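The listed protein sequences correspond, in order, to chains A and R.
Residues 1 to 252 in my numbering are what the first sequence spells out, letter by letter.
Residues 253 to 622 in my numbering are what the second sequence spells out, letter by letter.
Read the hints as simulated data drawn from the structure, not as lab findings.
A couple of the hints might just be wrong.
Partial chain R-side listing against chain A, Cβ under 8 Å, derived [to be verified]: (1) Thr513; (2) Leu516; (3) Pro517.
Derived coverage of chain A by chain R (criterion: at least 3 residues anywhere in the stretch with Cβ under 8 Å from a Cβ of chain R; other residues may be distant) [to be verified]: (4) 64 to 70; (5) 100 to 107; (6) 119 to 129; (7) 190 to 200; (8) 242 to 250.
From the structure, some residues in chain A lie toward chain R, with a derived Cβ separation under 7 Å [to be verified]: (9) Ala74; (10) Arg88; (11) Gly91; (12) Ala92.
Quantities reported herein were computed from a predicted structural model and do not represent experimental measurements.
Note that CB positions come from ideal geometry on N, CA and C, so glycine has one too.
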Amino acid sequence: MNRPAAPSAMPSPPEPGAPPAAPIRVEPCGDAWVMVDWGPDPRANVAARALAARLRAVPQPFCAEAVAGVRTLAVRLAVDDAAVPRGRQRGAALEWLRGTAPEALGWQAPAGGQVVLPACYDASMAPDLEEVAAATGLDPAEVVAIHSGCTFTAEVVGFMPGFAYLGGLDPRLKIDRRASPRPRVPEGGIAIAGLQTAVYPSPTPGGWSLIGRCPLRLFDPARTPPALMNEGDTLRFEPIDVATFERLWAAR
Amino acid sequence: MSAHETSIEVLKAGLLDSVQDLGRPGQARIALSRGGAMDRAAMTLANALVGNAPTAAGLEITGPGPTLRLRCDVWLATVGARHALVRLPGEHGGSTVALPTGRPVFVAAGSVLRWHAPPVGWRSWIAVAGGLALPQVLGSRSAHLASGIGPARLETGRVLQLDPRVVALSHRRAAVVLGPPDADADADADATPAWGRVAPRWAVTEDLPREWPLIELPVLAGRHLDVLPAAARDALFDQDWTVGAQSNRQGLRVHGRALDTRGLPQLASEPVSVGTVQLPPAGEPVILLAEHQTTGGYPRILEVASAAEPLLAQAGAGCRIRFRLVGLDEADELARRRARELELRLAGVRQACPYPVDPADPADPSLPID
């Protein structure tokens, strides 16, 4: 397949040692969590994932759980109010994170897995493909070629089990969320919005544009790890035809 | 005794009954929220009353509760809302008898129990000696209904397997609390073996909103409270919000005079947690509960103090919520006090129910709390 060249208009990231684009906020969030917010700095998501990975690999006594967002990191305090007062753990967390959060802007993204997801872009499974093509000035085949030519990163795992916000969509496919969300997106629906793509692991309401469908089971509690897409994974979509989709769907 | 005989049958499902334990904390990285009993302290207390470890699985019931047939003798406790528990005339005939909650009660095989809608509160937790015998999924037996993980919600006709030792455990533990069975008692319908009574005279104190149906929630300012215009902030605190009927284990939708959300910024998705209060564009807050989505992009205007989670668990459709802004010091003090109260209650239960640890069975999942 003739894949379009990568866009040349990508913003160049700041040097690893550069100061943050805006002051980093490190503050309590409720009484059980502390939050780091790197603001609009383009290195923020990598910093969040890197710092979360560090806290999982080298546990700190104040940290029960670390969760990365688009540009934030939430740390759940390890509190047992009868034994360790919240105030003391919070103080320790704030001090450690205020020291570490600026450094994290210079860290590499932790290595993730490589995942290839089969994707059926047939019109019968892509109700919004024509609309996306019209909105972006491309034809549907070009939309498919561009989407399946992108390399995505699982920037944030969230929303529901098996779901990940996949960053790295070619800006030529950038399109707003739909004006009114669909009441029901089918399991496996492949969608785009902004500069992200995603696959819905189970039927749910959804406001993104549907351009295809993946036949794999994205989350299975009996598997280790249960999700196909995990934080930091690199992903791409491999176009398949309807017959292959049906075969893979039946084989799950 | 066959597995069929050590079970509970759902004769009629309640509004929303599900198997719960302490949930699956620490799995937000796979987008799985904690789930579990909406009031984990109450679940722990119910388990302690029947001699189970805090991690044993029981039932969470919501509003009008279920009607259950016990196919074997069971030592059982209900903690939470003021659900009226009755034993209906069963296979052995007899009349409807009120049974107590907030304490363990011995229920004989064949009994049919019904939990009526509570006049105060919304949810209760039921523990049975030995716990519900279900396989663990991702470290818990609990139903995460929003993500379809764990057992499905209870429907009429469902049979719940109990730990196969439930009968022996129930007799042994009932004897610890009630004393040896009374050999002279009339051993007809209701008690096998016969005790003059089926429950102790004491009960644990339960944690219910004092001004029901008004719930005053201590809340901390959220990260984005300051993006609200002053008038909207005032309206947030000045009114009582009414809990809407679409509320579930994922979140409470509250209704009232909508806040002005014009001009609020679009936010990047960030991790949210139980008690996060989000403000969607419609201007009516949503309070996230145990089965919340793990990330959200709406402004988070408040965070409910952790100590108030049991109050959230009691909020049902139609009850009113008033937000009371507190600082971190007060929230921490409330949390400390709550932890202390739970410790005292558990200590009281241990004293009133000195269940022995069975050294011959170190794998017993239902060891008393130590």
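Results for each hint:
1. Thr513: violated, 17 Å
2. Leu516: violated, 16 Å
3. Pro517: Because about 11 Å separates R:Pro517 from the closest Cβ in chain A, which is outside the 8 Å limit, the hint is violated.
4. 64 to 70: Holds: 7 residues of the stretch 64 to 70 of chain A have a Cβ under 8 Å from chain R.
5. 100 to 107: violated (count 0)
6. 119 to 129: With 0 residues closer than 8 Å to chain R, the stretch 119 to 129 of chain A misses the three-residue bar; violated.
7. 190 to 200: With 0 residues close enough to chain R, the hint is violated.
8. 242 to 250: With 0 residues close enough to chain R, the hint is violated.
9. Ala74: holds, 4 Å
10. Arg88: violated, 10 Å
11. Gly91: violated, 11 Å
12. Ala92: Where the cut-off is 7 Å and the nearest Cβ of chain R is about 14 Å from A:Ala92, the hint is violated.
Comparing the model with each earlier hint shows violations of hints 1, 2, 3, 5, 6, 7, 8, 10, 11 and 12; every other hint is respected.
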